[in-house]
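Asker: For reference, the chains in residue letters:
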Amino acid sequence: QQQVKQSPQSLIVQKGGISIINCAYENTAFDYFPWYQQFPGKGPALLIAIRPDVSEKKEGRFTISFNKSAKQFSLHIMDSQPGDSATYFCAARRSTGNQFYFGTGTSLTVIP
Amino acid sequence: DTEVTQTPKHLVMGMTNKKSLKCEQHMGHRAMYWYKQKAKKPPELMFVYSYEKLSINESVPSRFSPECPNSSLLNLHLHALQPEDSALYLCASSLRGGFSNEQFFGPGTRLTVL
Chain U
8 QQQVKQSPQS
18 LIVQKGGISI
28 INCAYENTAF
38 DYFPWYQQFP
48 GKGPALLIAI
58 RPDVSEKKEG
68 RFTISFNKSA
78 KQFSLHIMDS
88 QPGDSATYFC
98 AARRSTGNQF
108 YFGTGTSLTV
118 IP
Chain Z
390 DTEVTQTPKH
400 LVMGMTNKKS
410 LKCEQHMGHR
420 AMYWYKQKAK
430 KPPELMFVYS
440 YEKLSINESV
450 PSRFSPECPN
460 SSLLNLHLHA
470 LQPEDSALYL
480 CASSLRGGFS
490 NEQFFGPGTR
500 LTVL
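Protein chains in written order, with the numbering used here: chain U, 8 to 119; chain Z, 390 to 503.
Just so you know, these hints were derived from the structure itself, not from any lab. Everything numeric in this text was worked out from a predicted model, so none of it was measured. Heads up, a few of these hints could be off.
[Unchecked claim] What follows is a list of derived Cβ distance ranges for each label pair:
id, chain 1, residue 1, chain 2, residue 2, range
1, U, Q106, Z, A469, 45 to 51 Å
2, Z, K442, U, M85, 42 to 48 Å
3, Z, V401, U, D60, 45 to 51 Å
4, U, E33, Z, N406, 38 to 44 Å
5, Z, V401, U, F46, 19 to 25 Å
6, U, P89, Z, S451, 23 to 29 Å
7, U, P59, Z, K411, 34 to 40 Å
Quick reminder that beta carbons are idealized off the backbone N, C-alpha and C, glycines included.
Pulled out of the complex, with its shape left as it was, chain U reads as follows (with noise of 0.2 Å):
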């Protein structure tokens, strides 16, 4: 059972235009909630991330809004350039635990 679902699959946005990325969550006791940027060939990289107490964080062009009452929380990619272009993973993580669960991925492409 997918742990955290992500959408959409895949994203074309035109250059200086938003991206945006979904991930939605049904265990209560996730209380961690990182975003993973993914280039062809290497290791994820950590991009943002939130805790529940917060609904949004902003880091520079990204950031992650939260919705804790949906259960929902997404990344904004403001100003989207062609160096974004890569595959994009939301997680979530137990504060009890070590294991972190993965969405499906959303491979960006950013045009320009």
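Model the placement of chain Z on the given structure of chain U, informed by the hints.
Answerer: Coordinates of chain Z only, in the frame set by chain U:
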């Protein structure tokens, strides 16, 4: 030092070979992970070591054998693999407990089984 290193970067092996993958971190992290990743799929958890003890084994076939010699090193011993085991093998580490839950990934070892 906020880096997880993995060697080798690429590995080609036959089904009768024995090889090992190596992972190293010097961030003082006490949880270390092995993941398997197929193309266009999320990382799939294989093993978790916590304080050098195996804490999670996700029903991985015995042809994969993990080892954690010390808090900085993690090995994955491979024997009698199948072609379907070809994948990117990722090592990761995180600080167990404490304030930071960040998980850092290494660059991966691209494994091809012939």
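Asker: If a hint holds in the structure, say so; if it does not, say that too.
Answerer: Cross-check of the supplied hints:
no., hint, in the structure
1, Q106(U) <-> A469(Z): 45 to 51 Å, "violated, 27 Å"
2, K442(Z) <-> M85(U): 42 to 48 Å, "holds, 43 Å"
3, V401(Z) <-> D60(U): 45 to 51 Å, "holds, 48 Å"
4, E33(U) <-> N406(Z): 38 to 44 Å, "holds, 42 Å"
5, V401(Z) <-> F46(U): 19 to 25 Å, "holds, 22 Å"
6, P89(U) <-> S451(Z): 23 to 29 Å, "violated, 45 Å"
7, P59(U) <-> K411(Z): 34 to 40 Å, "holds, 36 Å"
In summary, the numbered hints that this structure violates are 1, 6.
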